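**Student:** The residues making up each chain are set out below.
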Amino acid sequence: MSTDTDTTVIARTVVRVVVPVILLTAVALLLQGHNLPGGGFIAGVLTVTAFALVYIVFGREFLQRELLHVDDDGFLGGSIGEYGRTFTFGLALAASSGLAAIVVGELFAGGRYEFITQGVWFVYHVPVYHEIEIPTALFFDLGVYFVVVGALLTILAVVGRE
Amino acid sequence: MTDLVVAPLLVALFTAIATLPLRSAQRVQQAVSVFGGVLYLVAVAALVRAVRVDADGYLVYELSNWEAPFGITLVADDLSVLMLGLAAVVSLAALVFSVRGIPEVGQRISYHPLYHLMVVGITGSFLTADVFNLFVWFEVMLMSSYVLVVFYSGPDETRAALHYAFLNLLGSAVMLLAIGGLYATTGTLNMADMAEYLATVPASQTTPVLGLSALLFAVFALKAGIVPFQFWVPDAYRAAPAPVAAMLAGVVKKVGVYAIVRLLFTVFSVAALPPGLFGENATFLAFYGPVLLVMAIGSVVVGGLGAVGREDLDGLLAYSSIGQVGFIVLPLAVAASAVPGAGAEIPREGLVTLGITAALVYSVNHGLAKSLLFFVSGALSRTLGTVRFDALGGVSERNPTLAGSFFVGALALIGIPPLSGFFGKLLVFDVGAQAGSTVVLAVALAGAILTIAYFTLAWSRGFWGPPSDAVAGASVDRSFVLVAAVLAVSIVVLGVGFGPLYDLSYAGAQAATETQGYVDAVLGGSQ
Amino acid sequence: MQPEPAVLLAVLALPFVGAAVTPLVYRVLGERTAYFAAAVATACLALVLSQHGTHGTVSVEWIPQLGVNLVLYLDGLAFLVALLASGVGILVFTYSGGYMHGEPGQAKYYTTLLVFMGAMLGVALAADLVALFVFWELTSVSSFVLIGHYQRETSSLYASRKSMLITVSGGLFMLVGFLVLASASTDALGTSTFALFGYGDVPGLVENADAVRSTLTEQGLLLPVVALVGLGAATKSAQVPFHIWLPNAMEAPTPVSAFLHSATMVKAGVYLVGRFRPLFVPGGEDVYFAEAWLPVFVVLGLLTMTVAAMLAVSATDIKELLAYSTASHLGLIVAGFGFAVSYGGEAGAFHILNHASFKAALFLVAGIVAHEAGTRNIAELSGLRDDLPITTIIATVACLSMAGIPPFNGFFSKELLFEAAWETGAHFGGLWFLVPAIAVFGSIFTFLYSIRFLSLFYGDRPEGLGEVHSPPLAMLAPAAVLGLAVVAISLRPNLAIELVAGDAYAAVAPGEAHSFTVPWPIPLEPSPYALMSLATILFGAAAYPFYDRLHGAIARARTVPYTSPNAYYDGGLAALERTSALVPGYVQTRMFRTYAASTMLAVCALALGGYLVAGVTVPVPEGLSSLTVLGLVGGVPLAVVLLVALFGAAAVGIADSHVAGVLTLSILGFMVAIFYVLASAPDLALTQLVIETLVLLIFLLVLDKLPAWYGSLDVREAVPDAVVAGVVGVTVTLTVLVTTSAQPSQNIASFFVERAPVPEEHGPVLVDSGGGGNIVNVILVDFRAFDTLGEITVVAMAALAVLTLVGMRNRGEDV
Amino acid sequence: MVVLGGLLLASLVTLVAGYRVVRGPTTPDRVVALDVIGTNVVAIALLFALVTGQALFVDVSLVLTIIGFISTVAVARYITEGDIIE
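Protein chains in written order, with the UniProt record's numbering: chain A, 1 to 162; chain B, 1 to 527; chain C, 1 to 815; chain D, 1 to 86.
Be aware that a few hints might be false.
The calculated label-pair distances, taken between Cβ atoms and stated as ranges, are [to be verified]: (1) 214(C) with 438(B): 47 to 57 Å; (2) 520(C) with 500(B): 56 to 66 Å; (3) 390(B) with 96(A): 22 to 32 Å; (4) 757(C) with 26(D): 48 to 58 Å; (5) 199(B) with 103(A): 52 to 62 Å; (6) 516(B) with 123(A): 43 to 53 Å.
No lab work stands behind these hints, which were simulated from the structure alone. Keep in mind that this is a model prediction, so the values were computed, not measured. Note that CB positions come from ideal geometry on N, CA and C, so glycine has one too.
All chains, full assembly: derive it from the sequences and hints.
**Tutor:** Here it is, written out as structure tokens:
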């Protein structure tokens, strides 16, 4: 059942505009997190609010079919399955980024790096930016982001289904 | 290879992650899960070996490469590896049991990841040397156990899990308050750093610490289900699926016990009390000795009495767990009172170690025996659909191996030689005798007699007697019998060859009281 | 001469190995497993006999860390008990071959019996207190299994539980006694020891009896230790008032009764008393008294001897009669060991042998009668001599011995007891003359029931008794062997003493002791004790015509309320179950209100107790006196914010609907966010605001699933709740006040501030610093990333939790 | 000084709006009042950024501005449809 008639044009239009802005903010918060307010957690929660907005205004069907392109095939499949894979990926990413430190330590530093040792890599002489700082913590933060997004969306979707 | 310290935790964590996307391939998921359990056992065994062989007895691991006390530090010493060993054995047994013991749908939805994450929480709690990190792993352990308790999602399970979750959430709030307070008062979260600070700073500067430690202690007692924090125990154990009940009673409870031993004896034992109620030169343990004694007596009495009149096996085992934890706390109470400066008439350091050794031996025995009993109960429940005594009877005729395993487990808890439980009881009695405490001996004897009373009752009502219709027509899955039998054999082997377990427990007890060794190992690593 | 270590170990190991392979043997041999077991017992007997006359310890390291080793010790007493365990074992196994024909559960039966035999041999040989206890409890457990052999019978279940509860509990008391003893040995010997007899460089308790005893006396532990050890012995040997389990134990198959509950296991108790006798009875010529020891065991023994003999007279079942009789005779032995004079030890040691011979024979006879006549009721049995001629001869010999009629062996040991009783009584005079008097009084009843048992075989054969078959050879032969043993000892008592009982006496006597002799066939010189024996027989004969009246009178006396230990046992268990019902009734009420209140009160009590003990002083919060500390700029707004938050929180409680409540709660959320802003924590403010929105959404999702109405507020509930809440509030406030005012001299925070950002001098790759401007984030993903890893698994699990709750709902266990 | 006054004013408005949230009497009243509080929080954050010169708080305001209306929409839907997600 299409939900197009349930919400007002105003709401739908506003959401169309706002959701990309929210997502963009989220990404910005994620990337600037190491130096400015932000980080994986807040970015994840913000992303979820964007999805929630779509859920509320456009309905679950729309989000599944039009945005995620999945069919609602049962309890563990469909969007819930996608969300599940998202937080699994997040966990795997966060944990693996920690494990990578051990491996790198073994290979290059004689076993000196413990689990989740983080480093920062500076790239100099980049046009415009001059130097770029790439913290390895970003990968960990990305893991946090995906876990938060996946888990909260799972909760929202499962409870919303009821 | 200090990476070994973090290895068990990582094995469990990656197993959990690996089982998550395998939900559509049931067999593969089970295989990965059990393989993860085996790998966990191997990792723990390697860690035990490393700690025992390593001359210092301490393996320190500084996460994220930040030195203690600033980063989070993991410490594997004799105490933590003993508990890890118990966790590894019981968790593998429970995992094998789960493959046939948990409904397939449940396994597919979430059982395996949750189970391994519970193991992650347990592992982290045993290893960490950071109070806030301890809180985190407690949360991981509890979050998974909430879900596993409510797993069958019926009205009874939901009620039990609600009580369990709410009480433990209260506990979490209290713990957070205590940790915040400790940080504010001592300026550190690292246990070794805290111990060193408390040992060097005059008592007048750290007066709130005793109350804060009492808040922490209450939370640990809540996890261990010690009276008066036992309310959640009977219903939660009864509601949880058998392998989960086995883990809760066998291992999660011991996390509480471990935390009590670690915090009280390693960290707070060096903190001096201002002169007052307990005289000059008293330490915090002077306060905890009587407290532990009262709680132990309460546990033995409430658990033992509660178990005698139960109408179902699960209920009996659940109450029994409350009583048995009393036997673990009892020698700890004596040990706390015997610490020099704890206000004892004659401080006896030997008695301190002996008391903790007794508690550790009893913990290991209870972990093995009680999980074995829950497995038998689970096997019956899964086969017959009930474990009410009026529906049981004659199991020993129908399945002698399963019944025999139950018999061994029950005898181990009663303390019949030469099972591992006998030495647990022996040491508890010995602690009482050496302390010359009539109260301790009387409580231990009363508790032991109650144990005989309820286990003979369970045996004659459930396993002897004419086979009920349900029992006569049932056949128990072989994997259940296998798990129970293996544990029963291990209880016999650990009893007959008690030496190694005693050595491990004794080393664990020494590690628990060796505050200076712990501090040097943790803080010395960075200097 | 030292015993051969390998032989002693083999004696101990054989039965256990035999038991381990019995299930396999049973598959091959079937019912003939009985003879396999008999062969094992024969081998044990041969090994035991080969060590006759040797004396010494053998030790095998077991748990040296605890000072616990498998120490075996062979002397006369150990030899005697080992002899009984293996010798009677052979006969009982052979007898079982006939008796158990066609019975269920034979593999288990023989396995358990063999385990029992091994355990009994262990009890006899162990000289380490812990090892002794190990075997001791093993006999209790095997007895439990054997009594419950007919596991479908309610009476078997009742009997087995009773025996387990009484004997194992008693054993635990004994263990405590052992531990107190070992603990005292530290002070007495300078080193803690569990060894009764020394080995290597470990001192033995018995060898240092005087030192141990004086230390115990000094510490006031002598009576407790004697009493604790006595409790173990009394429960095991069915002494009054713990005799009640023994008659019920007759639910076991008769061979078991003969073996465990007459000849061997119940002897473990008296054996223990004998073992400890040299430790607690001082040595010397004119010793008449042993502190704590004599009062405890003479009273216990004589009481049991008399009461159990009277109960035997009131018995209606032949096995019940024999059970009470067994208790009575064990009482005799205990009393004998209790006396400090040498006759006492002689009586005890000799009676162990004599009692085993005639009582085991009588049990086997009872088994034959029950098996062949189909009833065990005394009233229905009579005149069996024509049907069971050989059995009658055996029974006659055994009964006369049991009655204490010269020249049968039972007479001699009883005569020795009378000597001990008279000597002790005469030495102290006065009320002490009660001791010999009671001994005689009890013996009269022994005489009575012995003759009554004998009368089953004589007199007229009642009408109602059906056909009585001849017993199979496998059952008759063992009984005959035991009967012959009675005859042999009766004919040459002094030889039996020289070979076995004399050494056993030497083992229970303190210090150096010699063997002894008895006047055979009857004591010719007139003496007080000879007169006591004569009186026993005369009074007994005179009273026998009134047997039925006595039987009735005692049976009626047993119904008097509050006098029966059985009533206390049953009543105690029932009371226990009633009390147990109170636990869910009053403690585990399944009411969350109670749970939470009790838990929180306990938490608060602990914390407040801690503050009180440490003498915490409550600091006056400076913030109240001057708002400026809240921040020069944000002072007033901060106060306003907190005030609004407070009112918002209060308003949640009185909101009239769920939606209103949730929305009111949002005020609190916003206020906290503002608080974070004012406190310069943009990260927290940001998180708080976004979470606030999300929480509201989730609330709205589940709101209509919640019940709309929770019930009205009851003042009687509200007041206690308010009190609990108040206490919790006070505790938390106090905690916050006392901790925030603390000024630790160290703080890890400064380290974070220093290390989090990128340092001035950085290379292309940096791992020594956090490398980030946002300390909060650096802490989260670097300094304490491990915490974060844990927390994100919690978040993931929250999702799994919701999945599980919804997915498993209503599926339960059935899926 | 002006900024400080603004802060005070915003706090005062928050207080008044808080009263409306508590009193209601209808849910729309509460939602609107809550929206007012949200707006004031934006104001407070911005004013605070002005006072302290820390631009960081502008981020807070920005995020709150873009998500502030979600709860209003959700509650509105809850009131009209009884369920916020179809």
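**Student:** Now tell me, hint by hint, if it's right for this structure.
**Tutor:** Results for each hint:
1. With their beta carbons about 22 Å apart, residue 214(C) and residue 438(B) fall outside the hinted range of 47 to 57 Å.
2. The hinted window of 56 to 66 Å between residue 520(C) and residue 500(B) holds, with their beta carbons roughly 58 Å apart.
3. Under the hint 22 to 32 Å, the C-beta atoms of residue 390(B) and residue 96(A), about 53 Å apart, miss the expected range.
4. As the Cβ distance of residue 757(C) to residue 26(D) is approximately 51 Å, the hint placing it in 48 to 58 Å holds.
5. The hinted window of 52 to 62 Å between residue 199(B) and residue 103(A) is violated, with their beta carbons roughly 39 Å apart.
6. Hint check: residue 516(B) to residue 123(A), Cβ distance near 47 Å, so the stated range 43 to 53 Å holds.
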